[in-house]
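*Asks:* Could you put together the complete structure from these sequences and hints?
As you go down the protein sequences, you meet chains A and B in turn.
Everything in the first sequence is counted per the numbering used here, starting at 34 for the first residue and increasing by one.
Everything in the second sequence is counted per the numbering used here, starting at 34 for the first residue and increasing by one.
Keep in mind the hints are simulated off the structure, nothing from the lab.
Hints should not be assumed to be uniformly reliable.
Repeated chains share a single entry, so a pair holds when one copy, or any two copies, can fit it.
Think about it this way: if two alpha-carbon atoms lie no more than 30 Å apart in a straight line, the pair counts; the simulated DSS-like pairs of lysine-lysine are [to be verified]: (1) K363 to K162; (2) K283 to K162; (3) K283 to K363.
There are 2 protein chains.
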Amino acid sequence: MNSATYTINDKHRQQVPQLDVPPRLLLGPGPSNAHPRVLQALGMRQIGHLDPQFISLMNEIQELLRYAWQTDNPLTIPVSGTGSAAMEASLANSVEPGDVVLIGVNGYFGERLVDMAGRYGADVRRIDKPWGEVFSLQELRTALAQHHPAVLALVHAETSTGACQPLTGVGDLCREFNCLLLVDSVTSLGGVPLFLDDWGIDIAYSGSQKCLSCPPGLSPLTFGPRAVEKLHRRQGQVPNWYLDLSLVSKYWGNERTYHHTAPINMNYGLREALRLVAEEGLAARWARHQANAQLLWDGLAGLGLECHVAPEYRLPSLTTVRVPAGVDAKAVARTLLTNYNIEIAGGLGQLAGRVWRIGLMGFNSRPENVLLLLAALQQTL
Amino acid sequence: MNSATYTINDKHRQQVPQLDVPPRLLLGPGPSNAHPRVLQALGMRQIGHLDPQFISLMNEIQELLRYAWQTDNPLTIPVSGTGSAAMEASLANSVEPGDVVLIGVNGYFGERLVDMAGRYGADVRRIDKPWGEVFSLQELRTALAQHHPAVLALVHAETSTGACQPLTGVGDLCREFNCLLLVDSVTSLGGVPLFLDDWGIDIAYSGSQKCLSCPPGLSPLTFGPRAVEKLHRRQGQVPNWYLDLSLVSKYWGNERTYHHTAPINMNYGLREALRLVAEEGLAARWARHQANAQLLWDGLAGLGLECHVAPEYRLPSLTTVRVPAGVDAKAVARTLLTNYNIEIAGGLGQLAGRVWRIGLMGFNSRPENVLLLLAALQQTL
Numbered sequence: 034m035n036s037a038t039y040t041i042n043d044k045h046r047q048q049v050p051q052l053d054v055p056p057r058l059l060l061g062p063g064p065s066n067a068h069p070r071v072l073q074a075l076g077m078r079q080i081g082h083l084d085p086q087f088i089s090l091m092n093e094i095q096e097l098l099r100y101a102w103q104t105d106n107p108l109t110i111p112v113s114g115t116g117s118a119a120m121e122a123s124l125a126n127s128v129e130p131g132d133v134v135l136i137g138v139n140g141y142f143g144e145r146l147v148d149m150a151g152r153y154g155a156d157v158r159r160i161d162k163p164w165g166e167v168f169s170l171q172e173l174r175t176a177l178a179q180h181h182p183a184v185l186a187l188v189h190a191e192t193s194t195g196a197c198q199p200l201t202g203v204g205d206l207c208r209e210f211n212c213l214l215l216v217d218s219v220t221s222l223g224g225v226p227l228f229l230d231d232w233g234i235d236i237a238y239s240g241s242q243k244c245l246s247c248p249p250g251l252s253p254l255t256f257g258p259r260a261v262e263k264l265h266r267r268q269g270q271v272p273n274w275y276l277d278l279s280l281v282s283k284y285w286g287n288e289r290t291y292h293h294t295a296p297i298n299m300n301y302g303l304r305e306a307l308r309l310v311a312e313e314g315l316a317a318r319w320a321r322h323q324a325n326a327q328l329l330w331d332g333l334a335g336l337g338l339e340c341h342v343a344p345e346y347r348l349p350s351l352t353t354v355r356v357p358a359g360v361d362a363k364a365v366a367r368t369l370l371t372n373y374n375i376e377i378a379g380g381l382g383q384l385a386g387r388v389w390r391i392g393l394m395g396f397n398s399r400p401e402n403v404l405l406l407l408a409a410l411q412q413t414l
Numbered sequence: 034m035n036s037a038t039y040t041i042n043d044k045h046r047q048q049v050p051q052l053d054v055p056p057r058l059l060l061g062p063g064p065s066n067a068h069p070r071v072l073q074a075l076g077m078r079q080i081g082h083l084d085p086q087f088i089s090l091m092n093e094i095q096e097l098l099r100y101a102w103q104t105d106n107p108l109t110i111p112v113s114g115t116g117s118a119a120m121e122a123s124l125a126n127s128v129e130p131g132d133v134v135l136i137g138v139n140g141y142f143g144e145r146l147v148d149m150a151g152r153y154g155a156d157v158r159r160i161d162k163p164w165g166e167v168f169s170l171q172e173l174r175t176a177l178a179q180h181h182p183a184v185l186a187l188v189h190a191e192t193s194t195g196a197c198q199p200l201t202g203v204g205d206l207c208r209e210f211n212c213l214l215l216v217d218s219v220t221s222l223g224g225v226p227l228f229l230d231d232w233g234i235d236i237a238y239s240g241s242q243k244c245l246s247c248p249p250g251l252s253p254l255t256f257g258p259r260a261v262e263k264l265h266r267r268q269g270q271v272p273n274w275y276l277d278l279s280l281v282s283k284y285w286g287n288e289r290t291y292h293h294t295a296p297i298n299m300n301y302g303l304r305e306a307l308r309l310v311a312e313e314g315l316a317a318r319w320a321r322h323q324a325n326a327q328l329l330w331d332g333l334a335g336l337g338l339e340c341h342v343a344p345e346y347r348l349p350s351l352t353t354v355r356v357p358a359g360v361d362a363k364a365v366a367r368t369l370l371t372n373y374n375i376e377i378a379g380g381l382g383q384l385a386g387r388v389w390r391i392g393l394m395g396f397n398s399r400p401e402n403v404l405l406l407l408a409a410l411q412q413t414l
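*Replies:* Take a look at the structure:
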């Protein structure tokens, strides 16, 4: 290998100390703090990605994901990347070049869907709403009748606005117009009522680092029978190898054919996170998120602060608060971080500088966190 | 949200016990066992992906990756997925539809490059060699003269065959023919001599779970100045949003613009893994891998077993051993796993059933592991 003729350069051989990180309370739009049991699982010794023990663990993750999503879909898996990877997998596998894809854009992640769908050759049509509002069933019907898309994509929980898109009836509408319903549930899975099969959702994706209280690194994805059928009917290859479900599903299915190496320890963490969801139960978990959000909303009102989203469409997992006139939004967030180790976030896009975003997700949805944040906000404002 | 009208179904609410996994010694083609200090770092409490402390950590990772690769490339990052994600990023960003891409195929991962490059619209040309052999400089020169590619892709360390492709002089050749040199270093980074800049490599990628001894979940990627220039000259968008370096590089560069949420804890682990590389130093680390591989090769010869690759092209990190006539390769691997908790792997593709693959990577490259494996093999055969 002739290595002897080259000299090792120590220019970049940086000496860094042992890792230490401040004790942040992550009350922004995500990641939220992982549950301590999840962090413990993360650090367990590794086994191989084709080890019989790992295959059992894969089955458990899939089954527990089905519970969290309330679906029977066999093709329910964690994608080996953060939330946007599963978002991209949902489009890469369902969209063929030239397909009309209708996207509801009422926030940043609707815009991201537009960007991604375009890269896969979709004929993208959009319906827009001001950020913080949601689409009515009648508006969706009108748009479906006008565009006759192959896929309708909606964001259930818009992390950029805090709005929760009602989905009852949308699945029936999509069947009437013979299109697939694709739903972003990044900030709803495990924290906000979601009945995948009852609502007729064909494709959904999420992230590990929001209401599931696992660190970022995996992103749940599910494809229902109608979506799988469209995948099987494709003319050409999926133009994305890493996210190609026709290959990935053979590793997560009965064949167990090697595709890419699964992130072993992240899957340990996700299993523990989903185990916590099953232990608590969805009814209790959803009620807890709702109760702590209400506590936050009442407290914010007490401080004279106004929520951006109408009460009936507010997400319990993510609240947008309007920045009062004359207040420097960034300075407030910086003070909360510096003085109290609390992370909240500012607005994105249309809402930049106009709102703060406060997340109460999974393990972090606890009354003590609400009380602390309100007290810290009061001190800071 | 009308959740009251739907009933939560407990069908998939599986009760699973606390996670426990057997104490496997991972001596296959990867993942290898993570270093205990890496596992400890993985489980640390989270901070946000835009936290000033996380940004410092990102800088450290980039700098330490430059050391491991012996490169000055500013665009040196961990991609948020396992090895194949960085492989795909290397092609998605460097290939434009119609570009001639010449790929050296002498193993499974060369074939994977062919598959991926085709999905990005490359005009793929291939030079083939039997699995376990490598390409000579003269063979590469002839192929470059014939195909005049925009990119030449070679696998430095073929994990499927155990062959190490010599790279001295290939960078000069690629400059002579005005093409980019793209190199798979998944099973060499941190274990096998590799001088990225001295060898004139324009693009390289790797995995966290091989010689770096970090769990799978991140994949290092580096683009040199000529590769970045081609990226900037692109006519169209990168047809892959998650891996689009024109966006990802703004998060890892000075702008710190949010793209996707980074896998926080995996980055903790990778930092510690790279810190271990810098502590040990590349010279000592490469020598250690070579010495333990030699110990293995001598021991295998003592057992009457034959290595598949000629001594001068053998990877110290991954050894392919020929299965003796009449021996059931799978049964031997199964016995090692069941009786001794040792994982080795069989062959892929052309070598399926014909070889075992034994990895001595990073933390696992230790004489005691060699002795144990040889003893267990002797018992089993």
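*Asks:* Using 30 Å as the alpha carbon limit, work out where K283 and K162 are close: within a copy, between copies, both or neither.
*Replies:* For K283 and K162, the Cα distance is within 30 Å only across copies (29 Å; inside one copy 40 Å).
*Asks:* With 30 Å as the alpha-carbon cut-off, assign the pair K363 and K162 to within, between, both or neither.
*Replies:* within (26 Å within a copy, 59 Å between copies)
*Asks:* Between the shortest in-copy and the shortest cross-copy C-alpha distance, which are at most 30 Å for K283 and K363: within, between, both, or neither?
*Replies:* between (47 Å within a copy, 20 Å between copies)
When held up to the earlier numbered hints, the structure conflicts with none and fits them all.
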